[in-house]
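Asker: Given next are the chains, with one letter for each unit.
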Amino acid sequence: MILGKVIGTVWSTKKDENLVGAKFLIVRQLNLDYTPKESTVIAVDSVGAGVGEVVLVAQGSSARQTNFTRNKPVDAVIMAIVDKLDIAIKE
Amino acid sequence: MYLGKIIGTIWATRKYESITGYKMQLVQPLNGELQKVSSPIIALDTIGAGPGEIIYYVTASEAVIPLDVDMAPVDASIVGIVDSIYVEKK
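Those protein sequence lines, which keep their order, are chains W and S. For the numbering used here, add 13 to where a residue sits in the first sequence, where the first one is 1. For the numbering used here, add 131 to where a residue sits in the second sequence, where the first one is 1.
Keep in mind that the hints were calculated from the coordinates and are not lab data. Treat the hints with care, since some could be wrong.
Taking lysine to aspartate or glutamate and the EDC-like style, the derived pairs with C-alpha atoms no more than 16 Å apart in a straight line are [as the list claims (entries may be wrong)]:
| no. | chain 1 | residue 1 | chain 2 | residue 2 |
| --- | --- | --- | --- | --- |
| 1 | W | LYS103 | S | ASP176 |
| 2 | S | LYS154 | W | ASP96 |
| 3 | S | LYS221 | S | GLU184 |
Per label pair, the in silico range of CB-to-CB distance [to be verified]:
| no. | chain 1 | residue 1 | chain 2 | residue 2 | range |
| --- | --- | --- | --- | --- | --- |
| 4 | S | ASP214 | W | PRO86 | 35 to 45 Å |
| 5 | W | ARG83 | S | GLY152 | 14 to 24 Å |
| 6 | S | ILE216 | W | LYS103 | 19 to 29 Å |
| 7 | S | GLU219 | W | LYS36 | 48 to 58 Å |
| 8 | S | VAL218 | W | LYS28 | 47 to 57 Å |
| 9 | S | LYS220 | W | GLY21 | 45 to 55 Å |
| 10 | S | GLU164 | W | ASP29 | 22 to 32 Å |
| 11 | S | GLU193 | W | ALA101 | 18 to 28 Å |
| 12 | W | GLY61 | S | ILE212 | 45 to 55 Å |
| 13 | S | GLU193 | W | LYS85 | 48 to 58 Å |
Idealized CB from N, CA, C, for every residue including glycine.
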């Protein structure tokens, strides 16, 4: 999974019919010190995340492993909201 | 499967229901010489590994197989702790 921050929402009316009802969020990838990386990803929300929250995103075929996204054209899903991140080994 | 080192832990109270109870660890991917490659990822811990340990992990949808549940949105799972490793010198 990757660490990211929700920075926005995507609305779309015309889309694959399997995706009706999905909540799409724009997630900016973060480094472990919470500084933003360049890349962003559009992910389907499965935990009720909102803008500004730090989340974990599962990518690839694993993104289809939720009740909602099963067999749907989805390759990124938000599956956790981060409370705390403890880096024990700094290099 | 890939080699990695656990460098920390992540707490998330709110997570997808089927993975409640599983610990998530920060993993720094390593190569055969135990040098860092690419940036850290987050992996689900299925064996009880801790920070500082060298482990190996599976990625993609195979990461769901070691879990006790049928479906879980997980793309990396720690499946073993490395006791020793031998790599032929180049």
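Asker: Does the Cβ-Cβ separation between S/GLU193 and W/LYS85 fall within 48 to 58 Å?
Answerer: Given a distance of about 20 Å, which is not inside 48 to 58 Å, the answer is violated.
Asker: Check the hint pairing W/LYS103 with S/ASP176 against an upper bound of 16 Å on the C-alpha distance.
Answerer: violated, 20 Å
Asker: Given the range 14 to 24 Å, decide if the beta-carbon distance of W/ARG83 to S/GLY152 lies inside it.
Answerer: Cβ of W/ARG83 to Cβ of S/GLY152: about 22 Å, so the range 14 to 24 Å holds.
Asker: Starting from S/LYS221, check that the Cα of S/GLU184 is at most 16 Å away, please.
Answerer: violated, 25 Å
Asker: Okay, S/VAL218 versus W/LYS28 on CB: inside 47 to 57 Å?
Answerer: Holds, since S/VAL218 and W/LYS28 (Cβ atoms, about 48 Å apart) stay within the stated range.
Asker: Between S/GLU219 and W/LYS36, is the Cβ distance one that fits in 48 to 58 Å?
Answerer: This hint holds: roughly 50 Å between Cβ atoms.
Asker: Does the hinted range 45 to 55 Å hold for S/LYS220 and W/GLY21 at CB?
Answerer: Holds - the Cβ-Cβ distance for S/LYS220 and W/GLY21, about 50 Å, lies within 45 to 55 Å.
Asker: Go ahead and decide if the range 18 to 28 Å is satisfied by the Cβ distance of S/GLU193 to W/ALA101.
Answerer: holds, 27 Å
Asker: Taking the Cβ atom of W/GLY61 and the Cβ atom of S/ILE212, is their distance within the range 45 to 55 Å?
Answerer: violated, 34 Å
Asker: Sort out whether W/ASP96 lies within 16 Å of S/LYS154, counting only the CA atoms.
Answerer: holds, 13 Å
Asker: Please test the hint of 35 to 45 Å on the beta carbon pair from S/ASP214 and W/PRO86.
Answerer: At roughly 42 Å between Cβ atoms, W/PRO86 and S/ASP214 fall inside 35 to 45 Å, so the hint holds.
Asker: Do S/GLU164 and W/ASP29 keep their Cβ atoms within the hinted range of 22 to 32 Å?
Answerer: violated, 45 Å
The structure fails hints 1, 3, 10, 12 and 13 (numbered hints given earlier, in ascending order).
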